[in-house]
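Participant: Residue-level listing of the chains:
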Amino acid sequence: MFLLLSSYWFYSQIDIKMTLLLVILTLVFWLLGRGVAYYLDKEDEKRAAIVTNVGVVIGIGALFYFKYLNFFAESVTSFASLFNIHLSWTALHLVVPVGLSFFTFKLMSYVLDIYHGKILPEKNAINFANYIAFFPTILSGPIDRPKPFLKQMNQTRLFNPDNFLIGFRRVLWGMFLKMCVADRLDIYVSAIFNNYEHHSTISIIFASLLYPLQMYADFGGYSEMAIGVALILGFQVAENFKRPFFSTDISEYWRRWHISLTSWLTDYIFLPLNIKFRRFGIQGTMLAIIINMLFVGLWHGANWTFFVFGLYHGSLFIPLLLSGHLNKKKEIKNRTNICSFFVLVTKIASTYFLVTIGQFIFRAPSLSDAYAIIFHSFNSWNGNLFYDMPTLINAIICLIVLFYVDIKEEWFTPKGANQLRWTKPYQVDLILCLEIICILLFGVFDNNQFIYFQF
Amino acid sequence: MERNEILKRVEEIFRDELEQENLVLTDDTTAEDVEGWDSLSHIQLVAAMEEAFGIEFKSREILSWDNVGDLIDCIQKKV
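These protein sequences, in sequence, are chains V and B.
Each residue of the first sequence is one higher than the last, beginning at 1 in the working numbering.
Each residue of the second sequence is one higher than the last, beginning at 1001 in the working numbering.
These are computed hints drawn from the structure, not numbers from a lab.
Take the hints with a grain of salt, since some may be wrong.
Each computed SDA-like pair below joins lysine to any residue, with the alpha-carbon atoms no more than 25 Å apart [to be verified]: (1) V:K118 <-> B:Q1020; (2) V:K42 <-> V:K147; (3) V:K147 <-> B:K1078; (4) B:K1058 <-> V:N53; (5) V:K408 <-> V:I338; (6) V:K118 <-> V:P272; (7) V:K147 <-> B:R1060; (8) B:K1077 <-> V:L271; (9) B:K1078 <-> V:P272; (10) V:K46 <-> B:V1079; (11) B:K1008 <-> B:D1073; (12) V:K118 <-> V:Y38; (13) V:K118 <-> B:S1039; (14) V:K118 <-> V:R255; (15) B:K1058 <-> B:E1021.
To spell it out: a stretch of chain B is covered by chain V in this simulated footprint if at least three of its residues, at any positions, have a beta carbon under 8 Å from a beta carbon of chain V; those stretches are [said to hold, decoys possible]: (16) 1039-1046; (17) 1056-1066.
Covered, in the sense of this in silico footprint (three residues per stretch, anywhere, with C-beta under 8 Å from a C-beta of chain B), are these stretches of chain V [to be verified]: (18) 93-99; (19) 269-277.
Bear in mind the structure is a predicted one, so any value in this text is a computation, not a measurement.
Heads up, the beta-carbon is just placed ideally off N, CA and C, and yes, glycines get one too.
Using the sequences provided together with the hints, build the complete structure.
Facilitator: Structure below.
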């Protein structure tokens, strides 16, 4: 109960009115879950499906109303005007509840998992409410599934010093990523993109190449902090990033980037669609992938840039699908051979380049802005690279630290290795001190918000 | 049809579709245990099993499977 009250207090500090919405939705879905289970027990699958669909409609309805209604209405109005049909729409001034995109997904997965027989309904309403409102993850994820989290809620949790230490380290690492890498890169990247008319092509390209790293450090940093705080409280929550820029193709990238979202959409959008379209063979799978990636894009917000972002990434899957390379288990294992290593690096670089294009669209305030930047880039080859030496030097030092840690974790750490691999206590103290010193020396302390809070 | 017989036939289908001659399935086998068994190949496997056994699975049934054992139980109910 204390955890729940803390979570609601935490949320109310950000948005007190929407705390009521959160509580109401939690109660509604808890009851819906019991309803689904009731009808399944009676083997009345039809009514169970109806109750489940009610839950899905409420979840999507809440998302649509707060996030997409204005966008949808304005798009319909614009489209109608192409045919000289004049509709009028007065935009509603709606404030999107913080974390809406995250907790509605948790709510929907609860009823869907009960319907699919993966979990039983949670009898304890407090435990369920804690799952939805869990304060480390409510604002920007990771999006936990009900089964693993509720299992932990129903267990006795004792203080574990190892988990506390690992959690604390992850919080510090997250702070380093956010304050030293992401916010430092943001100074340079924003300087370019917010004044692109005065910058050369080479500067725009350089800023574009830095932006995915900024996003990774920003959202990855938030996720590390959320996971770290959860661990300190004794909870294991879903991982969200797995060194995405080591990906050798786009399907691997989406298995390493925002993992909790992509796995949620894979399980609840892609898989059901792929099952429905299975009679159409590879074309059916292609369609399911495109639709899934459109959801990935539009989940981020109501803007045509996100639509194009999703479509772009969906289309990148098609060559992989047609060539039979969409298999997650086939990895390039041999890095000791020079040729193999060269191939590996080339694939990593190519994937990073493809991701950069997508992130460029993602970042643009609108499609017309994206087009304007591209148009300007084609006409500004004569200019020099923009130098902001203090910012760049700071950013490069911090990026070297990030690369060192990620390369070590990706290529030189056995899978499943204990996170507390050091054997001597002084090594723990040394690393913690170094992290704190780095944050103090290189961190940007001007209350920069996390990028993913807007979603 | 006997459960073991169904398991054997499913194993043949998996070996064929995933191109793994030595693959052995048990009731507890999950996608994590089998190389190449992911969300994409899963649908190919489903389609192949439907054709082999002359049955049709409902979406809800497919989504409820956690392991090969669940899959076999589902097939057994239908044949």
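Participant: All hints are to be evaluated individually against the structure, with a verdict given for each.
Facilitator: Comparing the hints with the structure gives:
Among the hinted pairs, K118 (chain V) with Q1020 (chain B) is inconsistent with the structure: their alpha-carbon atoms are about 29 Å apart, more than 25 Å. Distance check on the hinted pair: K42 (chain V) and K147 (chain V) sit about 23 Å apart at the alpha-carbon level, within 25 Å; holds. For the given pair, K147 (chain V) sits about 29 Å from K1078 (chain B) by alpha-carbon distance, which is inconsistent with the 25 Å threshold. Of the pairs offered as hints, the one joining K1058 (chain B) and N53 (chain V) holds, with about 17 Å between alpha carbons and a cut-off of 25 Å not exceeded.
Annotation: proposed proximity of K408 (chain V) to I338 (chain V) holds, straight-line Cα distance about 19 Å (limit 25 Å). A distance of roughly 15 Å separates the Cα atoms of K118 (chain V) and P272 (chain V); the hinted pair therefore holds under the 25 Å criterion. The suggested pairing of K147 (chain V) with R1060 (chain B) holds, with an alpha-carbon distance near 18 Å, which does not exceed 25 Å. Of the supplied pair hints, the one linking K1077 (chain B) and L271 (chain V) holds, its CA atoms being roughly 23 Å apart against a limit of 25 Å.
A threshold of 25 Å between alpha carbons decides the hint, and for K1078 (chain B) with P272 (chain V) the separation of about 21 Å falls inside it, so the pair holds. A hinted pair counts as satisfied when its Cα atoms are at most 25 Å apart, and K46 (chain V) with V1079 (chain B) qualifies at roughly 23 Å. A hinted pair counts as satisfied when its Cα atoms are at most 25 Å apart, and K1008 (chain B) with D1073 (chain B) qualifies at roughly 13 Å. Between the alpha carbons of K118 (chain V) and Y38 (chain V) the distance comes to roughly 15 Å, so the proposed pair stays at or under 25 Å and holds.
Of the pairs offered as hints, the one joining K118 (chain V) and S1039 (chain B) holds, with about 17 Å between alpha carbons and a cut-off of 25 Å not exceeded. Under the criterion of a C-alpha separation no larger than 25 Å, the hint pairing K118 (chain V) with R255 (chain V) is consistent with the structure, at around 22 Å. With a CA separation close to 29 Å, the supplied pair K1058 (chain B) and E1021 (chain B) exceeds the 25 Å bound. Residues of the region 1039-1046 of chain B lying with their CB closer than 8 Å to a CB of chain V number 6, which satisfies the three-residue condition for coverage.
A count of 6 residues in the region 1056-1066 of chain B with a Cβ less than 8 Å from any Cβ of chain V is obtained; the coverage claim is therefore met, three being the minimum. For a cut-off of 8 Å, the count of residues in the region 93-99 of chain V with a CB near a CB of chain B stands at 0, and the three-residue condition is violated. Against chain B, the region 269-277 of chain V contributes 6 residues with a C-beta closer than 8 Å to a partner C-beta. That satisfies the three-residue criterion, and the hint holds.
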